[in-house]
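Novice: Protein chains in written order, with our numbering: chain Y, 1 to 348; chain B, 1 to 244.
If you're looking for bench data, these hints aren't it; they were derived computationally from the structure. Among these hints, one or two may not hold up.
Keeping only pairs whose Cα atoms sit at most 25 Å apart, straight-line, the calculated SDA-like set for lysine to any residue is [stated by the list, open to error]:
1. 202(Y) <-> 20(B)
2. 60(B) <-> 148(Y)
3. 60(B) <-> 145(Y)
4. 20(B) <-> 84(Y)
5. 244(Y) <-> 189(B)
6. 20(B) <-> 277(Y)
7. 135(B) <-> 244(Y)
8. 135(B) <-> 170(Y)
9. 21(B) <-> 145(Y)
10. 21(B) <-> 336(Y)
11. 244(Y) <-> 144(B)
12. 135(B) <-> 336(Y)
13. 21(B) <-> 202(Y)
14. 202(Y) <-> 182(B)
15. 20(B) <-> 170(Y)
16. 135(B) <-> 169(Y)
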Amino acid sequence: MKALDLKPIHNASRRLQATRLLVFPRPDAIRHTTVAHFAEFLESGDLLVVNQSATLPASFQGTIRRTGEQLEIRLAAFQGPDASDLRHWYAIAFGSGNWRQPTEQRGSAPSLIAGDWIQISADLSAEVLSVESERILEIRWQSSDLLTALYQAGQPIQYAYHQEPLAVWDQQTLFAGAPISVEPPSAAFPFSWELMLQLRAKGVQVTSLLHSAGLSSTGDPKLDQQLPLPEWYEIPAATVAAIKATQARGQRIIALGTTVLRALESAASTDSLSSGRGLAQLKILPGYRFQVVNALISGMHEPDSSHMLILDALCPYNLIRQGYMEASQQGYLGHEYGDLSFLNCQAC
Amino acid sequence: MNTNPSIQNQASQARFYQAKKVLITGGSSGLGQQLARQLRELGAEVAIVARGPAALAQMKQANPGLLTFQADISDKNQIYRLAAAVHSQLGELDILFNVASSLGPTPLRLLMDTDCEDFEQVLQTNLMGPFRLTKALIPSMLLRQQGQVVNISSDAAISAYPGWGAYSVSKAALDHLSRIFEAELSAQGVHFYSLDPGDMQTTMHFAAVPDADPADLKDPADSAQAILNYVSQADSTLPVRSRI
Numbered sequence: 001m002k003a004l005d006l007k008p009i010h011n012a013s014r015r016l017q018a019t020r021l022l023v024f025p026r027p028d029a030i031r032h033t034t035v036a037h038f039a040e041f042l043e044s045g046d047l048l049v050v051n052q053s054a055t056l057p058a059s060f061q062g063t064i065r066r067t068g069e070q071l072e073i074r075l076a077a078f079q080g081p082d083a084s085d086l087r088h089w090y091a092i093a094f095g096s097g098n099w100r101q102p103t104e105q106r107g108s109a110p111s112l113i114a115g116d117w118i119q120i121s122a123d124l125s126a127e128v129l130s131v132e133s134e135r136i137l138e139i140r141w142q143s144s145d146l147l148t149a150l151y152q153a154g155q156p157i158q159y160a161y162h163q164e165p166l167a168v169w170d171q172q173t174l175f176a177g178a179p180i181s182v183e184p185p186s187a188a189f190p191f192s193w194e195l196m197l198q199l200r201a202k203g204v205q206v207t208s209l210l211h212s213a214g215l216s217s218t219g220d221p222k223l224d225q226q227l228p229l230p231e232w233y234e235i236p237a238a239t240v241a242a243i244k245a246t247q248a249r250g251q252r253i254i255a256l257g258t259t260v261l262r263a264l265e266s267a268a269s270t271d272s273l274s275s276g277r278g279l280a281q282l283k284i285l286p287g288y289r290f291q292v293v294n295a296l297i298s299g300m301h302e303p304d305s306s307h308m309l310i311l312d313a314l315c316p317y318n319l320i321r322q323g324y325m326e327a328s329q330q331g332y333l334g335h336e337y338g339d340l341s342f343l344n345c346q347a348c
Numbered sequence: 001m002n003t004n005p006s007i008q009n010q011a012s013q014a015r016f017y018q019a020k021k022v023l024i025t026g027g028s029s030g031l032g033q034q035l036a037r038q039l040r041e042l043g044a045e046v047a048i049v050a051r052g053p054a055a056l057a058q059m060k061q062a063n064p065g066l067l068t069f070q071a072d073i074s075d076k077n078q079i080y081r082l083a084a085a086v087h088s089q090l091g092e093l094d095i096l097f098n099v100a101s102s103l104g105p106t107p108l109r110l111l112m113d114t115d116c117e118d119f120e121q122v123l124q125t126n127l128m129g130p131f132r133l134t135k136a137l138i139p140s141m142l143l144r145q146q147g148q149v150v151n152i153s154s155d156a157a158i159s160a161y162p163g164w165g166a167y168s169v170s171k172a173a174l175d176h177l178s179r180i181f182e183a184e185l186s187a188q189g190v191h192f193y194s195l196d197p198g199d200m201q202t203t204m205h206f207a208a209v210p211d212a213d214p215a216d217l218k219d220p221a222d223s224a225q226a227i228l229n230y231v232s233q234a235d236s237t238l239p240v241r242s243r244i
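Bound conformation, chain Y alone (with noise of 0.2 Å):
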C-alpha cells in the first residue's frame, strides 16, 4: 500500500469550510466533504458528547535536587481526584532542551528514583512519587498557588513539524473549561459555534465530559508502546442521563474525539455505565465491542499510532485504508491542527 503523506499543518484559525471531511457513512461508503457539512450526516435526537477540557502548558524545564542534573519533564496524565486538584500526575523526563531539538536526538534523561524533586521554579517543584519504566514518572506537585505556578513555567507541548511555537491560546478548543488536558483534544479544533448552532436547530443534542488528554508520544518508540497511560475523566450525571435517554430512542451517541470514545468506554467497561470519576485504562483493539458510542470524529491520523487501532475497531479495516488512501491523494492535513473523519459504522 501506498504510504500515506498527510501533510502536517499549523494554523490555529482555520476553520469549517477549510477543513476536509473523510466520511464513512456506512461499513461500506466513503464520502469527501468540508466540516461546514457535518450536520447532513446527523439526525434529529442523535447525541454529540464533547469534550470540555483545556489545555495546560505541559513541558518543564527543571533540575534534580539530589543531583543537579537538568532535565525536562512532560506531563503526561491527570491523575485525580477531581478538576479542583491538579497535584497528581503521570510525567515523562527528557534530556534537558528546547523543542526544536527532536527528543530522540537528546541526551538521555537523567535517572530519577522515588522520592527525588524536581525543582521548576522557586514556587514549583515536583515530589517523584514512583518511577515506572525509567522515564515514566507519578509525581505530585508542591506549590503555594500551583496553578500560576504551572501556567508561569510551563511552556505547550509542541509539535517538530511546526514552524513557530505554539501559544497556550492555539491549544484551546471552543469548549475549554477545567484544564487537566496535556495536548489539546483536537478533534473539536474545526468546530465552531456556528456549526454548534447549526447541529442544535437540526435538533442534534449536545452534552459533555471531561477527560485528560494525555501525552500522545514521546519519540522513542519503547516508551510509545505504553501510551496512552491512564487518563483521569469525570462524567456528569446528565451526560449519562442524556445517553440513555439517546439510546433508548435508538439514536446514535457521537464522540467528538477519541478522549471521548475512551472516557465513555472505559466507564462502560466493568458495568453499566454511570456518572461519576475515573481512570481510563481501556485500550481498544480491532474487535472491540463498543458499549456506548456509535460513531467517532476523529483526526487524520499515522497508520501506526494507537488512534488507528480505536478507527479499525470503528469500521472495517480494508475500508478505513480505501479512505485514507483517497485522502492521500486529495492533500488532506494530517496531525493535530489538520483535517477530520467521521466514522459511522457501528449500529445502534
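Since the structure of chain Y is provided, determine the placement of chain B on it from the hints.
Specialist: Chain B alone, transformed into the frame defined by chain Y:
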C-alpha cells in the same frame, strides 16, 4: 403571609442566586465589592478577580470562603490562566459580572489630547477584557443552555460628555457587544445585560470628577442591589441595556 415587598424581593433573589457560581471582575472595590458581598449573603458561590494582591487579601480575610484570583483582565496572556483557574477552583460558571473598568489617565482629557496608547489601554480593559473573558468562560453555559453575563455600562455610553472620550467609546461598544451576544445566543438560554448603575460614590468617580458632591452620588451598595434585582427577574424580554 408577608406582604412587605422588599422582604419578598429578597426571598425571590435568594432563590435565584442560591448556589449559583458567580465571577466578578473588579471585585475588590466599589460596585464589584458590593456585588460580591451581597451575592454571598444570597447564598451564591462567589469568586472575584482584581489586579491588586493587597485588596484581594483584604477581601478574602473579610469574607472567609471567598475565592480570589489575581489577574489583569486587559492582558490577553492572563486570560487563559484566569479561565483555567476559575474552571478548576469554582467550576462551571452561572453568572459572569464584568465590572472592572478603567477611565484612562486622570484628570480626564479632550480626545485631541488623548494619547493613542492610553485610548487603546482603556479599550483593552473595558471592551477586550470582557470580550475575551466571555469567550473563555461561557462555553459551559452554552453547553448547559443557561447562564448570564452582566456588563457594567455607564450613561457616558449614551451621552457625549467632553473629556470622557475613551471611556465613553468603550462603554458604547460594550453596550453593543452585549446586544449582539444576546441576539446571537439568547436562543441558547444564555443572556446578556449591559447595566448602567448611575454615578456612584466610588474611587473611580472621584478620580473623574474630583469636586463631585457625595450627596449627589449613589451608594454602590444600593446600585449592587438594584443590579441583582434586575438580573434575578430572569426575564428574557427585559432590555439588554438598562439604567438601574
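Novice: Hint by hint, say whether it matches the structure.
Specialist: Checked hints:
{"no.": "1", "hint": "202(Y) <-> 20(B)", "result": "violated, 30 Å"}
{"no.": "2", "hint": "60(B) <-> 148(Y)", "result": "holds, 18 Å"}
{"no.": "3", "hint": "60(B) <-> 145(Y)", "result": "holds, 15 Å"}
{"no.": "4", "hint": "20(B) <-> 84(Y)", "result": "holds, 17 Å"}
{"no.": "5", "hint": "244(Y) <-> 189(B)", "result": "holds, 24 Å"}
{"no.": "6", "hint": "20(B) <-> 277(Y)", "result": "holds, 23 Å"}
{"no.": "7", "hint": "135(B) <-> 244(Y)", "result": "violated, 31 Å"}
{"no.": "8", "hint": "135(B) <-> 170(Y)", "result": "holds, 14 Å"}
{"no.": "9", "hint": "21(B) <-> 145(Y)", "result": "holds, 21 Å"}
{"no.": "10", "hint": "21(B) <-> 336(Y)", "result": "violated, 33 Å"}
{"no.": "11", "hint": "244(Y) <-> 144(B)", "result": "holds, 17 Å"}
{"no.": "12", "hint": "135(B) <-> 336(Y)", "result": "holds, 22 Å"}
{"no.": "13", "hint": "21(B) <-> 202(Y)", "result": "violated, 31 Å"}
{"no.": "14", "hint": "202(Y) <-> 182(B)", "result": "holds, 21 Å"}
{"no.": "15", "hint": "20(B) <-> 170(Y)", "result": "violated, 31 Å"}
{"no.": "16", "hint": "135(B) <-> 169(Y)", "result": "holds, 12 Å"}
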